[in-house]
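S.K.: What follows is the residue order along each chain.
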Amino acid sequence: MSANATQNIAIEIKRCRPLLGTFVEITARGGSPEMLSDAITAAFSAVEKVMALMSYHDPFSELSRVNGKAARAPVQVSEWTFRVIEQAQRLAAESDGAFDVTIAPRLASWGYLPRNPSNSRAERLARWSDVELLPGRLVHFRRPLHVDLGGIAKGFAVDRAVDALRSAGVREGLVNAGGDLRAFGDSEWPVQIRHPRDPLAGGHAFALRDSAVATSAAYFSRKRWRKCWVCPLVDGRTRLPCDDTLSVTVHAPDALLADALTKVVFALREKSAPILQRHNASALLLDCAGQCAFIAEEKSVPARA
Amino acid sequence: MKANVFLLTPAALLGSAVAGHGVNYMNVAQAQQAIFPGKAMTAAEVKLTSEQRKEIERQGGIRQRSDTVKAWRVAGGGWFIVDEVLGKHEFITFAVGISADGSVHGIEIMEYLETYGDEVRNAKWRAQFTGKTKSAPLQLDKDIRNISGATLSSRHITDGVRRLLAIHDVALKSR
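Taken in order, these protein sequences are the chains called A and B.
Once you know that position 24 of the first sequence is 40 in the working numbering, the rest is easy, because the numbers rise by one and skip nothing.
Once you know that position 112 of the second sequence is 1508 in the working numbering, the rest is easy, because the numbers rise by one and skip nothing.
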């Protein structure tokens, strides 16, 4: 590495904005401070665009338009929204419905999503396979239902932010959206996983390089509902909450996969190994007692510099 | 190379336990530039009367603890305000730009401190950080701050922004 390039990476700009319902922190290296800051602004804009398209809460989002109309007639969507639903459907098929973007009525009944006046019995029975994707970026619902991309769109937003940084010429960086992280470039980034029992104290640490990691856990979101503990992590097959004492961390080539696969691992545990392997991903489970379990090995791990 | 990625120990890890983490993102001047690039700003002394505080609480829906506002008037219209929120797990200093028409122009997090609320509420514990923001960066910054874990909600910021919009409406826009 030339002296010039080394010096270049020494300049680091880090900014943070409240987006996606959490904090999105972007670190960029390799350029002048002005260039890096402008690139980060562009990356935040990409995240905002994903929100504007795929927010379940925003009544004016593209997703809300689809949810309101796609049961009556196919609705054409943007390339980004189509890609995310396509990926979600692929993971749903691979996991036999453990990952399911139609669980919104369940989450709404527990108060994690706004209730819909149309929350009918027919809608509660809807499954991922009732969502149909047609040529020409058309989305059609075979029965009334609501799609919620909360388990996958955050990862996609991180990937789009990384794209924006790269196309602005940033040499290396890290995008962290409330625990969904993706690093790009040559450097290694130390990443710490929260401990499920003591989420604010130190936990397992490892090195992330040119790939993504996401953790799902219920330690900040679980609550009582009619004498039961519930959490927003739901097994799509049974519609029951997953074990809220665990944390699941997935390492994958991109953030969309890492984000969505955490939900698959939560529901399927060890049985998720073939799915993880297919996507060149692996998982780490942490329980409250501090026990670790690893699922799947990766074909290749980026070599250390 | 076939390996377990989670067992790759980070070279930068010093083995120190982390008791919460904190990051300084930007100072006031940098936040002003990020939200209103190239605009001149004038600091404004804003003291809220008790009537104004009541009206702000009514509009914003949450308590207005302080009677002073850290505000700057933006040349050509608009306001820049620095404020803090204290959540269950976090203490955050943030900046909001408000356009001349009263809409949010931009939000930047200036300082983020994640910890247990009790520690933050403890004035003595807080005191070790006050006055350090500009001259000496927080030592916590040297710890590992790339944390993968369940989401900390930014709802407190949303509430905080709503309160600042109420402050703008009650005390700033007519100045």
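In case anyone wonders, no lab produced these hints; they're calculated from the structure.
It is possible that some hints are incorrect.
Which residues of chain A face chain B? A few of them, derived with a C-beta cut under 8 Å, are [unchecked claim]: (1) C32; (2) G37; (3) F39; (4) V91; (5) S94; (6) E95; (7) F98; (8) F222; (9) H267; (10) E313.
Yeah, the Cβ is synthetic: ideal placement off N, Cα and C, and Gly gets one too.
S.K.: Determine for every hint whether it applies to the structure shown.
M.R.: Consistency of the hints with the structure:
Interface restraint check: C32 (chain A) against chain B, minimum CB-CB distance 4 Å, threshold 8 Å, status holds. A least Cβ separation of about 6 Å between G37 (chain A) and chain B falls short of the 8 Å threshold, and the interface hint therefore holds. Contact between F39 (chain A) and chain B, as hinted, is supported at the beta carbon level, the nearest pair being about 6 Å apart and thus within 8 Å. The interface hint given for V91 (chain A) is violated, since its Cβ lies 29 Å from the closest Cβ of chain B, which is over the 8 Å cut-off.
At a threshold of 8 Å, the smallest CB-CB gap from S94 (chain A) to chain B is about 25 Å, leaving the interface hint violated. Evaluation of the E95 (chain A) hint against chain B yields a violated restraint, the C-beta minimum of about 27 Å exceeding 8 Å. Given the 8 Å rule on beta carbons, the hint for F98 (chain A) is violated: about 26 Å separates it from the nearest Cβ of chain B. Nearest Cβ of chain B to the Cβ of F222 (chain A): about 5 Å, under the 8 Å cut. The hint holds.
With its C-beta approaching chain B no nearer than about 5 Å, H267 (chain A) sits inside the 8 Å limit, and its interface hint holds. At about 6 Å, the closest approach between the beta carbon of E313 (chain A) and any beta carbon in chain B falls short of 8 Å, and the interface hint on this residue holds.
In this structure, the earlier hints numbered 4, 5, 6, 7 are contradicted, and the remaining ones agree with it.
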